[in-house]
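Peer 1: Chains as they are written, first to last, in my numbering: chain A, 1 to 418; chain B, 1001 to 1418.
Please keep in mind that the hints were generated in silico from the structure rather than gathered at the bench.
Among these hints, one or two may not hold up.
The list that follows gives simulated cross-link-like pairs (lysine to aspartate or glutamate, EDC-like), each with its CA atoms no further than 16 Å apart [stated by the list, open to error]:
(1) B:K1273 x A:D267
(2) A:K273 x B:D1266
(3) B:K1273 x A:D287
(4) A:K273 x B:D1287
(5) B:K1273 x A:D266
Heads up, incomplete: computed chain B residues facing chain A, CB under 8 Å, no partners named [what the hints assert, rightly or not]:
(6) V1024
(7) I1130
(8) A1286
(9) F1290
(10) Y1292
(11) S1310
(12) A1311
Short, incomplete list of chain B residues facing chain A, as computed with Cβ under 10 Å [said to hold, decoys possible]:
(13) E1138
(14) H1268
(15) S1283
Since the structure is predicted, the reported quantities are computational estimates derived from the model, not experimental observations.
Cβ atoms here follow ideal geometry from the backbone N, Cα and C, with glycine treated the same way.
Number of protein chains: 2
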Amino acid sequence: MITHNKLTIGLFGFGVVGEGLYKVLQQTPSLNASIKKVCIKHFGKKRNAPASLFTTDKDDLLNDRDINVIVEVIDDATAAFEIVTTALQNGKDVVSASKKMIAENLTALLALQQQTGRSLLYESAACASIPVIRNLEEYYDNDLLHSIKAIVNGSTNFILTKIFEEGLDFKQALLLAQQSGFAESNPKLDVEGYDAVNKWTFLLTHAYGITESPKNILFNGIQNIHSRDAETAAARKQEIKLVAQAKKLKNGSVAAFVLPQFINQDDHLAFVKNEYNGVVIESGFADKQFFYGKGAGSFPTASAVLSDISALRYGYKYEYKKLYHHHPHELTDDFFLNVYISFDDIEAVPKEKFEWIEEWHAQEGRKYLSGVIAFSKLKSSNWWKENGVSLILLPDPVIEEVASKKIKKKSLELAGIF
Amino acid sequence: MITHNKLTIGLFGFGVVGEGLYKVLQQTPSLNASIKKVCIKHFGKKRNAPASLFTTDKDDLLNDRDINVIVEVIDDATAAFEIVTTALQNGKDVVSASKKMIAENLTALLALQQQTGRSLLYESAACASIPVIRNLEEYYDNDLLHSIKAIVNGSTNFILTKIFEEGLDFKQALLLAQQSGFAESNPKLDVEGYDAVNKWTFLLTHAYGITESPKNILFNGIQNIHSRDAETAAARKQEIKLVAQAKKLKNGSVAAFVLPQFINQDDHLAFVKNEYNGVVIESGFADKQFFYGKGAGSFPTASAVLSDISALRYGYKYEYKKLYHHHPHELTDDFFLNVYISFDDIEAVPKEKFEWIEEWHAQEGRKYLSGVIAFSKLKSSNWWKENGVSLILLPDPVIEEVASKKIKKKSLELAGIF
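The following block holds chain A by itself, in its conformation from the complex:
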């Protein structure tokens, strides 16, 4: 047996993931990795580990020269960033599970890795047990990556599955998700899409070399989905999923967003139920590939953290190949989306912003339409998230050019719909 770097770990956080990791490491002695100290916020509660393991002083870990790896699984993005920054500067490798912290500080973290030469790994931060980051790093020369779409948030997928498979309404489904441990007591981050767009931010870096703030990526969650939308989907033998996606356009720029979408039964993403995650990659020559696994939960997350720890034994670093070794792609707003919109009040929908309207159901009660709208017009205002409006993408949502169909807008105008 070849010997490897012995890893002495300083662990921040002992919640479900931290404790899961502690148990996992105890069961895998072959890893040659041990936790020397765990930093927690308060001593208060009883923990399933020796009291001598714990401290509340972060410097006990960050300044300990024995500790060569900092693992950070805490829930506070600001504190996490400070810990990760100091750890890298102190010459330690870092494994982090904080999607929000990584997404919001991507540029700074990239620079820090280059300055310090240390490794920062965060496979667990996206899709937990699915090794999506390393696959994007190692495969799919970015000339070849046509598109990637994914279900990256287990909570919303669990809720949507319960709505579609068991007929629960949104509130019941959310409650069940919370009771089953798949949604936080404050579910806003998951339900409104913040968690998904954070993950998508750095997945875009590994997929296409894009380094964009999550603020600049269009997203929504599932909070506005109306029972009428679920009925429409069911009538069309479709489901609704919260899909993060990116597609390379003909001019080489990339369209990317996180929005609810109608999904056909034969779409690979329809296979992804409950708290699972799934990733569909279309590339030039490999055709479609599909990766599927548990995207949340203490053990799947701990398992991904463990993979990163294991990789550190061999000195693994992300090379950010699409960013540094290729010509990185850029995000664009210059394309159109095929959307469905439902609403109570017709005044809430600025119909004149649409290129054209394909379907129009203005009955009593909940109304809906489907049509094509410029992405830039969605990005520049929030009417489609407000006033009880629900926007859901249609299958194959991205349209690169609409010029030839302008005639149709004209014809709709003449027909009096506008």
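Once you've looked at the hints, dock chain B against the given chain A.
Peer 2: Below, chain B alone, put in the same frame as chain A:
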């Protein structure tokens, strides 16, 4: 942009994969890899590339000091082994797509890699576009890998899909597979399971550190599957798939084999249709993961070869972590299988070899039974492949202990079935 090793490639073989690769490389200039020379068997036919590119003398490639990478996609395992051996010894890195050659010479190839320090990559040899080898290398510390099961042969899966979804009989389905380019004109290697067990041989190395000759791995193909079996499957809302699988037993040894199996609709492998491949991995903490993609065809294979070429730019080598860095697992014959067997002639089935028999249908025409049999008893004789007998695994086929059920055998004896 960081600069990388410039790759100058000598290519052996210009069939569908070789030509596919040539086209792919022309379309990805960013790879900084070019084909200097192509070795073919005969000049005869017209090829879609400049004549000056071709030679029939293998030494033109193997002795060219400019050429630092040999890519080998020929159809002759003996010639391929000689090429790969010489190339490694001459200090060149090698990418190979020859599953048979790799499976049959695994030990020699492992030794050669260690002696020469060169890299031998063969992602395309298993599951083509699914990056299964590198995922097994990089993930799933082998203490954690509970089981892996996979559809690794696209031809047989195509045939079985056509039988189950379109009601074709075996011969029609095989003909369609051949016409669609998913089966060779001599389909024996695919249909009788040789191709699958070859792939399984080296996947077991990357999964569990097992280095076994394909001769010692129990396998069969789909050649004996009877229309009666398809009817039985349909009546149970199941399909039949050719499944390669391995499972870690409680004592740490591994049960592994390649056999047809009844698959429930909710099994991830049921999702895998036509020429696609799929891999389901169950690990200690990540739960189930599922990888899916095209397992055959010129472009998916060329794409996997390309991934390997791309990895050589960064000096990537397989570390064979499960073999060299962990305690490798060993194959065992000491377990039992849950099987279904159909047959015309009751004399062809040695009933006394079964631990017990669960079901027994001795009607006129095609008969069948299901029961439990020691794996070692299947390994020691071939009656279950011959005389028109068809053996198909039941879902969850592996049974570690049967002692408590011996009573049942007794009871069946009393009931006069034996």
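Peer 1: Quick one: which hint numbers does this structure break? Sort them smallest to largest.
Peer 2: Violated hints: none at all, because every hint is consistent with the structure.
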